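Peer 1: Sequence:
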Amino acid sequence: MHKKQIVVIIIVFIIMGVLFFMPVKGLIKHKEDDGHANAPAVKNQAVSKVDVTVVSAAAKVLIGAALSSQVNDLESQLQKATAEGDKVNLQKKLAKLWDDVNQPAPAAFYYQAVAQQENKFEEWKNAGSRFNDAYKLTQDTASQPAFVTNAIASYKNAVKLDPSNLDAKAGLGVAYVNQTSLGITDPDGGSPMQGIMLLLDVVKQDPNNRNANLSLGLFAMKSGQYEKAVARFKTIIAQKAEVEPYFYLAESYKQLGQKKEAIEAYQKCKEMMPDPAFNQRIDEYIKELKN
1 MHKKQIVVII IVFIIMGVLF FMPVKGLIKH KEDDGHANAP AVKNQAVSKV DVTVVSAAAK
61 VLIGAALSSQ VNDLESQLQK ATAEGDKVNL QKKLAKLWDD VNQPAPAAFY YQAVAQQENK
121 FEEWKNAGSR FNDAYKLTQD TASQPAFVTN AIASYKNAVK LDPSNLDAKA GLGVAYVNQT
181 SLGITDPDGG SPMQGIMLLL DVVKQDPNNR NANLSLGLFA MKSGQYEKAV ARFKTIIAQK
241 AEVEPYFYLA ESYKQLGQKK EAIEAYQKCK EMMPDPAFNQ RIDEYIKELK N
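Under full-length UniProt numbering, think of the first position of the sequence shown as 1, with each following residue one higher.
Among these hints, one or two may not hold up.
[As the list claims (entries may be wrong)] Lysine-lysine pairs mimicking DSS-like chemistry, simulated, CA-CA at most 27 Å apart:
no.: 1; residue 1: Lys-120; residue 2: Lys-222
no.: 2; residue 1: Lys-259; residue 2: Lys-290
no.: 3; residue 1: Lys-60; residue 2: Lys-80
no.: 4; residue 1: Lys-270; residue 2: Lys-136
no.: 5; residue 1: Lys-204; residue 2: Lys-156
no.: 6; residue 1: Lys-228; residue 2: Lys-204
no.: 7; residue 1: Lys-160; residue 2: Lys-60
no.: 8; residue 1: Lys-259; residue 2: Lys-228
no.: 9; residue 1: Lys-254; residue 2: Lys-234
no.: 10; residue 1: Lys-287; residue 2: Lys-259
no.: 11; residue 1: Lys-254; residue 2: Lys-290
no.: 12; residue 1: Lys-254; residue 2: Lys-222
no.: 13; residue 1: Lys-60; residue 2: Lys-96
no.: 14; residue 1: Lys-222; residue 2: Lys-160
[Stated by the list, open to error] The following label-pair restraints were derived from C-beta to C-beta distances:
no.: 15; residue 1: Lys-228; residue 2: Lys-96; range: 33 to 39 Å
no.: 16; residue 1: Ser-69; residue 2: Lys-228; range: 33 to 39 Å
no.: 17; residue 1: Lys-287; residue 2: Gln-205; range: 50 to 56 Å
no.: 18; residue 1: Ala-142; residue 2: Pro-274; range: 24 to 30 Å
no.: 19; residue 1: Asp-51; residue 2: Lys-92; range: 14 to 20 Å
no.: 20; residue 1: Gln-139; residue 2: Gln-280; range: 19 to 25 Å
The hints are simulated quantities; they were obtained by calculation from the structure and are not laboratory data. Predicted model only: the values in this text are computed from it and were never measured. Glycine included, each C-beta is placed from N, C-alpha and C at the ideal position.
Could you build all of it, start to finish, from the sequences and the hints given here?
Peer 2: Structure below.
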């Protein structure tokens, strides 16, 4: 398994650590809401402070000096470039470099910059996908609104260019739900139910769509509908055995009290993930279930 994949799956532990404490606003009504479920709008000023310079500086701390030096060199060339074609080519190189080291936030901004120049479907979809990934992986609440709003804008442009593309529709649906989960009140951004309906429309047209099923499974977990989550993750695994859906499947079985099934799913994770730290954590989960 590639190092990039290992990093992503290890980050899953971070996500799962907070998953059950992050209900999807608009899909779940809490007792304490008493009809006042609307969260305050996130100020546009907070969104505007997050840009490629900010996220790149943070990402450089994670990738080490050698790779940071490569980024710095390309950034220096970009600053000096005068021809638009040269700028776009350098932005593409920076997007790929950040992609290769699993840093979706700076990659997203560079894909977005390229898309703004070339207005091509694939670039807008890449930007939206990376912004969604950045939102998913970050714990920085100050950055999340920027990632979500940029994801929505990017996917909207992608859908305009190719209205039939299901991956773009699925990504937009995810971004809509993420947006309202943050309490952002954007009349143009869509509601959580609009997001869910987009995802359901995708699986209606393509029942095996990985992205839509994974997102619907995660949203089902957040809303405590673990039986539905199990069905979504099993649909993905039936097409291709992957660590991430197996891990979520194990967590869903655990919440349902189906210990035997949970242990079997955790064991599958270990088989597909030859990483000592990951396997040690999985062993701890299995031990808890056996006690």
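Peer 1: Are the hints correct? Go through all of them and say.
Peer 2: Against the structure, the hints:
1. For the proposed pair Lys-120 and Lys-222, the alpha carbon gap of about 34 Å is over 27 Å, so the pair is violated.
2. For the hint linking Lys-259 to Lys-290, the alpha-carbon distance of about 8 Å falls within 27 Å, and the restraint holds.
3. Distance hint between Lys-60 and Lys-80 is fulfilled; the C-alpha atoms sit about 21 Å from each other, no more than 27 Å.
4. The suggested pairing of Lys-270 with Lys-136 holds, with an alpha-carbon distance near 23 Å, which does not exceed 27 Å.
5. The suggested pairing of Lys-204 with Lys-156 holds, with an alpha-carbon distance near 20 Å, which does not exceed 27 Å.
6. Our distance criterion of 27 Å between C-alpha atoms is met by Lys-228 and Lys-204, whose separation comes to about 15 Å.
7. Pair hint Lys-160 plus Lys-60 does not hold up; C-alpha atoms about 34 Å apart against a cutoff of 27 Å.
8. Restraint check for Lys-259 and Lys-228: satisfied, since their Cα atoms lie roughly 17 Å apart, inside the 27 Å limit.
9. For the hint linking Lys-254 to Lys-234, the alpha-carbon distance of about 15 Å falls within 27 Å, and the restraint holds.
10. Only pairs whose Cα atoms come within 27 Å are accepted, and Lys-287 paired with Lys-259 is accepted, the gap being roughly 11 Å.
11. For the given pair, Lys-254 sits about 11 Å from Lys-290 by alpha-carbon distance, which is consistent with the 27 Å threshold.
12. Distance hint between Lys-254 and Lys-222 is fulfilled; the C-alpha atoms sit about 14 Å from each other, no more than 27 Å.
13. For the proposed pair Lys-60 and Lys-96, the alpha carbon gap of about 15 Å is at most 27 Å, so the pair holds.
14. For the suggested pair Lys-222 and Lys-160, the alpha carbons sit about 30 Å apart, so the restraint of at most 27 Å is broken.
15. Between Lys-228 and Lys-96 the C-beta distance comes to about 37 Å, which sits within the given range of 33 to 39 Å.
16. Taking the beta carbon of each, Ser-69 and Lys-228 are about 47 Å apart, not inside 33 to 39 Å as hinted.
17. At roughly 43 Å, the beta carbons of Lys-287 and Gln-205 sit outside the given window of 50 to 56 Å.
18. Range check, Ala-142 to Pro-274: about 36 Å between beta-carbon atoms, so the 24 to 30 Å window is missed.
19. Remark: the range hint 14 to 20 Å for Asp-51 to Lys-92 is upheld by a beta-carbon distance near 18 Å.
20. Under the hint 19 to 25 Å, the C-beta atoms of Gln-139 and Gln-280, about 22 Å apart, fit the expected range.
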